[in-house]
Every structure is written in structure tokens, then in C-alpha cells.
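Number of protein chains: 2
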Amino acid sequence: MTRYLEDFEVGQHIPLSSYLVPESEIVEFARQFDPQTFHTDPEHTTTQALGGLMASGWHTAAIFMRMIVDAYLADSAVLTSPGVDELRWLSPVRPGDVLSGDATVEEVRPSKSKPDRGLLMTRVRLHNQKGESVFSVKAMAFVLRRPIIESP
Amino acid sequence: MTRYLEDFEVGQHIPLSSYLVPESEIVEFARQFDPQTFHTDPEHTTTQALGGLMASGWHTAAIFMRMIVDAYLADSAVLTSPGVDELRWLSPVRPGDVLSGDATVEEVRPSKSKPDRGLLMTRVRLHNQKGESVFSVKAMAFVLRRPIIESP
Chain A
1 MTRYLEDFEV GQHIPLSSYL VPESEIVEFA RQFDPQTFHT DPEHTTTQAL
51 GGLMASGWHT AAIFMRMIVD AYLADSAVLT SPGVDELRWL SPVRPGDVLS
101 GDATVEEVRP SKSKPDRGLL MTRVRLHNQK GESVFSVKAM AFVLRRPIIE
151 SP
Chain B
1 MTRYLEDFEV GQHIPLSSYL VPESEIVEFA RQFDPQTFHT DPEHTTTQAL
51 GGLMASGWHT AAIFMRMIVD AYLADSAVLT SPGVDELRWL SPVRPGDVLS
101 GDATVEEVRP SKSKPDRGLL MTRVRLHNQK GESVFSVKAM AFVLRRPIIE
151 SP
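Chain order of the listed sequences is A and B. FYI, my numbering numbers position 105 of the first sequence as 105, with every residue one higher than the one before it. FYI, my numbering numbers position 84 of the second sequence as 84, with every residue one higher than the one before it.
No lab work stands behind these hints: they were computed from the structure. For glycine and all other residues, C-beta sits at the position ideal for the given N, C-alpha and C. Hints are supplied without guarantee of correctness; some may be wrong.
What the hints assert, rightly or not - Computed spacing ranges between beta-carbons, pair by pair:
id	chain 1	residue 1	chain 2	residue 2	range
1	B	Pro22	A	Pro42	39 to 49 angstroms
2	A	Leu90	B	Arg31	35 to 45 angstroms
3	A	Ser100	B	Thr46	24 to 34 angstroms
4	B	Arg145	A	Pro42	20 to 30 angstroms
5	A	Asp75	B	Arg94	19 to 29 angstroms
6	B	Thr104	A	Ser151	50 to 60 angstroms
7	B	Gln129	A	Ser133	15 to 25 angstroms
8	A	Arg123	B	Ser111	24 to 34 angstroms
Just chain A, with the same shape it has in the complex (with noise of 0.2 angstroms):
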């Protein structure tokens, strides 16, 4: 069952599986990628400061990814992505949230140049368990059109 560019149309709603960020991944994650205080050492007066220890917006980036893969990517045709814009971090995500969310298809747009593909844009967004949004961000992904069966 893959999902090809048609199989999206615009005002579509798709919701996302819960994930729970752990402490463990919050620390993991920053160490290796975004050594900055507030997201590796919950003991720190930098992260005291800020009210504690919070994800790297790379991370949540990261969580919103596997979201989308899960949701749909893993079974739609898609072929790569040239980007994203308007990445937003709305509030700090913090050890032991439950992050949920959706996409909206904003906009399905056959390939002038290549007629096997489109242009898929979505507008992700995801929230926290009491609610409050935490990242936005509007994706783009080339995908396949559905196979033309020829009568041989």
C-alpha cells in the first residue's frame, strides 16, 4: 500500500503518533550534536535559570522526522527533499514530555519538468501534553506519481 502523490490532496489532515522524550535522549542527543549547558547538565545555574534541562531544537527536529516517517513517509513514494522552511521552536521541550501532533497537506504540485513526480508540501506541528505548541514547520518532499499501467 504506498501512498503516491495523489493520494494526498490539499486540507488533508494526518495525524502523528505520541513520542516520549526521555532525560537519557535529551542528554545523548545535546552531547553529541548541541554541547550547550541547558540541554546536558540539569544541575547547571544556566539550566536552573531556564527552568531546567530542554531538548535540542536539533532534537525535537530530530522527533518530528520520525513522526512523519512513521505516519506516513515509510509507505508513501518519496524520493528526497530539498528542504524545509519557517522552523519554529514555540517552547522548550523538557525531559518526560509527550510530544503529539499533525500535518496538513498544504500543497500537492505536479513536476512541470519530470511528469513521474511532485512536490508535497506540509505544514507539521506538534504540541506537548498540556498542550502547548512546541515546533512548526512547513516541509517539503518530492514524491512519485502513481504508475501509468500501459495495455501492452
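Once you've looked at the hints, dock chain B against the given chain A.
Chain B alone, transformed into the frame defined by chain A:
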């Protein structure tokens, strides 16, 4: 030696250190956050058709973060970041690639509402060992202004 907002000026170039991307790191990151075949399985036919294993775009973004933390964020008075714009994946990042790059300061804007801080906007570009551009992003950060020492 903390850098404050006043220590950045428009047009300033900040070189980044190099980062070697091992295959094991590509697979490990992707298994956790972006489990698509072409990021996790070098032997799969889909991967082969795409020229071999490539890093998740979010792995490249995390590496970009590590490179700018090491180059200047760690010793800057950074508060938080509202987000990024125009994030682009320009070519695949492959196992064994060595990424380098630089940040160019595009805007330094003191806040009108909060006189102790301002917005730092940088364009960061990464390229591989062959000189091919692989990643570009417009990054934003809130940075403290240099404290005013008041006479007693």
C-alpha cells in the same frame, strides 16, 4: 571571553571546523530518527539505485549545529533561537564525507522591547571534501548585549 551581540558585525565570516561523517553514525542516527531504507541499509536495492547510503537530512542539520556550537555559539551569550529559515539539502552526504563550512553574519538587530539582547542572523553553508555544497540555512539566535558596567 564571551562574545556578545556587539562582537558580531554584518559581513563577518566565521570558519567552521571539519566534521567526518562515519557510516556507523549515519546508520545509528537514521535507525533512531529517520528509518528510511536509503539511510539505514547500504545493501538495499533502493539505496543502490540512489548511489549508496546517504545521511538523513536531520543528521546533517545536527552536524551543522555541532559545527557552529564549536565555532562560536559555545563562547557566545546565546539565549535561545526562535527557529531557522530556508534550510536546504543541496547534495547527499555520504559515509566518509568530511564537511566544512562557514557562517556569514547577515543581520545584527538590537531588540526594541528588550534592551539587554538582540537578534543575530547568520547564513551558514556546508560543503564536502570535493567542494560540493551540501547544506545551507539561515539561522537565528537571540544574543545578549554587552553588559554596561555602572559606576558606583
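Hints and how they fare:
1. Taking 39 to 49 angstroms as the suggested C-beta distance range, the pair B:Pro22 and A:Pro42 does not conform, at roughly 29 angstroms.
2. Hint check: A:Leu90 to B:Arg31, Cβ distance near 28 angstroms, so the stated range 35 to 45 angstroms is violated.
3. Evaluation of the 24 to 34 angstroms hint for A:Ser100 and B:Thr46 yields a pass: the beta carbon distance comes to about 30 angstroms.
4. Checking the proposed 20 to 30 angstroms range against B:Arg145 and A:Pro42 shows it holds: the Cβ atoms sit about 28 angstroms from each other.
5. Distance hint check: the CB atoms of A:Asp75 and B:Arg94 are about 26 angstroms apart, consistent with the given range 19 to 29 angstroms.
6. Checked against the given bound of 50 to 60 angstroms, the beta carbons of B:Thr104 and A:Ser151, roughly 56 angstroms apart, stay inside it.
7. Checked against the hint of 15 to 25 angstroms, the pair B:Gln129 and A:Ser133 fails, with Cβ atoms roughly 40 angstroms apart.
8. The supplied range of 24 to 34 angstroms is met by A:Arg123 and B:Ser111, whose beta-carbon atoms lie about 28 angstroms from each other.
Of the numbered hints stated above, those contradicted by the structure are hints 1, 2 and 7, listed in ascending order.
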